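2 protein chains.
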Amino acid sequence: MKEFFKVKTSDEVFAIINEFPVGPTEEISLTEGTGRILAEPIISPEDMPPFSRSTMDGYAVRARDTFGSSESMPALLTVAGSVEMGELPSQALSGGQAYRILTGGMLPPEANAVVMQEYTQQVDETTIEVMKTVAPGEHVILRGEDLKKREEILSRGQRLRPQDIGALAAIGRQKIVVHQKPRVAIISTGDEIVPIEEMPPPGKIRDINAYTLWAAILENGGIPIYLGIVPDKFDDLHSKCAEGTEKADVILVSGGSSVGSRDFTAAVFESLPESQILVHGISVSPGKPTILARAGKKALWGLPGHPASSMIVFWLFVRPLLQRIGGLEPQIITHSQLIKARLSRNVPSAQGREDYVRIRIFRDETGYRADPVFGKSGLISTMTKAQGIIKIDMNTEGLDENSLVDVYLF
Amino acid sequence: MKEFFKVKTSDEVFAIINEFPVGPTEEISLTEGTGRILAEPIISPEDMPPFSRSTMDGYAVRARDTFGSSESMPALLTVAGSVEMGELPSQALSGGQAYRILTGGMLPPEANAVVMQEYTQQVDETTIEVMKTVAPGEHVILRGEDLKKREEILSRGQRLRPQDIGALAAIGRQKIVVHQKPRVAIISTGDEIVPIEEMPPPGKIRDINAYTLWAAILENGGIPIYLGIVPDKFDDLHSKCAEGTEKADVILVSGGSSVGSRDFTAAVFESLPESQILVHGISVSPGKPTILARAGKKALWGLPGHPASSMIVFWLFVRPLLQRIGGLEPQIITHSQLIKARLSRNVPSAQGREDYVRIRIFRDETGYRADPVFGKSGLISTMTKAQGIIKIDMNTEGLDENSLVDVYLF
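As they're listed, the protein sequences go chains Y and H. Residue 55 in our numbering sits at position 55 of the first sequence; the count goes up by one each step and never skips. Residue 310 in our numbering sits at position 310 of the second sequence; the count goes up by one each step and never skips.
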């Protein structure tokens, strides 16, 4: 089998990932929308606010009635009434009139600005002095100034942040259509793996990766489905994978770092209906022995067994696949969790592959310092001690001490 | 009341926030632990791995038996057996012997290194040539190399990431003690506010902030509890706040941006048992009219009514309070969601207060460009169009075009 598959670059893998179809949608209530991926563009059905409102306590006026006024030359206006909160002002403003108004109050017809309380002085019960010129629109949110009728206010494929939920509330949307969360099955393989509740007998080890992957799926908006541990037997793994394709959109087969078990995982993937091996080896370290296959529309990953490798492959490749299936449009800011830091020492790297180096971050007087966490990718502790990773490009031989690097935080 | 309260700086407010007590803890199962705040230090009860394991397919050897060997001068070793995955090797290695082993296999006693398959050659059924010198520990994870018995592997107060969940799985922890999620009540005030399912009559407006805050609480690990809209009546707000202190750890009273309603909110807070106004005005913009009070151990916030102000105050001050109550220890990286960008134009700022300016980010050939989103803080659209904010210090008059700024993403 190895003869037929050339190791792929990460860019080639990303291109393959982007050919998986975007998943189905569902309607949910707005209060469940936080962090979900919008599956419809949102058009404002009305002007927001639907009326011009004051943003200050003071007096609603016609701006031109204040032109030229100052502390030494105040304008005199007649207080024609007061706007009650949540009430429609009873009549339009005439020239030379003002209406008492509070923050949030609706401007009477003909009023187009608000003079702040502190720039006015009460002369008598119905007269005020205005000691400042106000411009049209000052201290006012005009009708439609926030959202215009028929304007697209949110886009299909964006992740809903608190302010987006607020904008949906503003236009009265109680239900929204979002992409379904991708369901991700986890299968652990390996005769040496035991459930975590067992004390491993000699030669066996607890199923770390199922838990790491479970949490990584949750953190990336997926629904994890744990299908358990299967021994290194073709039929067992085949039936678990078949179960996975029934229950999930993506199947992660964790373990099988040995050459034999890798070929075995690939053979199982190939035995599924409508299946095709898409990737068999990626030129990254750690993570080289990664397999990606499809069975119909379902994606199957063979992940390296080493905990650190497995997590880094998840972060690099599985996460973008979940975003793809989950309908997330590529954002302007794709790597939001990124800081610049200075390397504390030289980091060697082999040419011809991308290297990912775990990083511990310290803050010193010069800013952030990036300490590489060296250690075998079989050690989960190299990941718990790290706060992020740096990428060393394929054509770079290594990085020098003090060079400025992008640290992707996790 | 205003006479008694000087406007506070944000640092003064942070100091007050840090005097609120950390909340209670609860025991949960490991699979529920993602993103939760650990309330106990985690000590490894055993060496991990509990045995020395191979990280490659090849032969387990005594490293000294390979010293000096090379392609031109291979060492000859006797294959004494094979380690089955998950099995205890039956006997110790003698001098000049090798054991066939796969990735993850347990090293036999006396073996201390693994020679990769590709550096060996089969001579006959029981003899191999080793064409490379291996060092002790090479291609092996030694017993305790990942986690040492009695080592503190995770700290109290840290947020559990996928790798941390993996480390807990490695030591067999099925239950963990975490801090309870802070419960946060939301009360909307204002005679002009209507529920979002209603078409607002003239002069009224939908309850945007309750939804924005709901989502912001969820995103920051809290449990939102919506208590509804109350009119601007002392008794109504008083009884809602009393209900809030029964049901929640933190009460957010949203609305009341007018001077009168601010004083009214403060008066209600003061009327609660064991209450004290702690902050009445903060020297930030937007967000100046913010109130913080306590009633016993419960925190009450009077948030500005403008949607953008309300969100920024949440981000600046309520979020750190939730982190405090939720037990999160201040991290080395406190602002992980931060990118450096160049300002696309001058931004003015008043001295004597911190200004927070909403930012839209674009990527161009020189890196990230930060476009200020100007607009009134009453406009939710200024937040939906923004991807982050920048801070302009109290003693800065403004920022020049092209200056490099830290953009905090939200």
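Simulated from the structure, these hints should not be mistaken for laboratory data. Every value quoted in this text rests on a predicted model; they were computed, and no experiment measured them. Treat the hints with care, since some could be wrong.
Since copy identity is lost for identical chains, a pair holds within one copy or between any two.
In silico lysine-lysine, DSS-like type, Cα no more than 30 Å apart, as pairs [unchecked claim]:
#1 K385 with K6
#2 K385 with K288
#3 K175 with K132
#4 K385 with K340
#5 K6 with K148
#6 K340 with K288
#7 K149 with K385
#8 K247 with K175
Tested hints:
Within a single copy, K385 and K6 get their C-alpha atoms no closer than 34 Å, and across copies no closer than 44 Å, so neither meets the 30 Å cut-off. For a Cα distance limit of 30 Å, the shortest separation of K385 from K288 inside one copy, 23 Å, qualifies, whereas the shortest one across copies, 40 Å, does not. With identical chains, the CA atoms of K175 and K132 are never at most 30 Å apart, being 46 Å at best within one copy and 66 Å at best between copies. In the homo-oligomer, the alpha carbons of K385 and K340 lie at most 30 Å apart both inside one protomer (19 Å) and across protomers (26 Å), since each shortest distance falls under that limit.
In this assembly of identical chains, K6 and K148 lie within 30 Å of each other by CA distance neither inside one copy nor across copies; the values are 54 Å within and 40 Å between. With identical chains, the CA atoms of K340 and K288 are at most 30 Å apart within one copy only, with a shortest distance of 27 Å there and 32 Å across copies. When the C-alpha separation of K149 and K385 is checked against a cutoff of 30 Å, the pair qualifies only between copies, where the shortest distance is 17 Å, while the shortest distance within a copy is 51 Å. When the C-alpha separation of K247 and K175 is checked against a cutoff of 30 Å, the pair qualifies both within a copy, at 27 Å, and between copies, at 27 Å.
The structure fails hints 1, 3, 5 (numbered hints given earlier, in ascending order).
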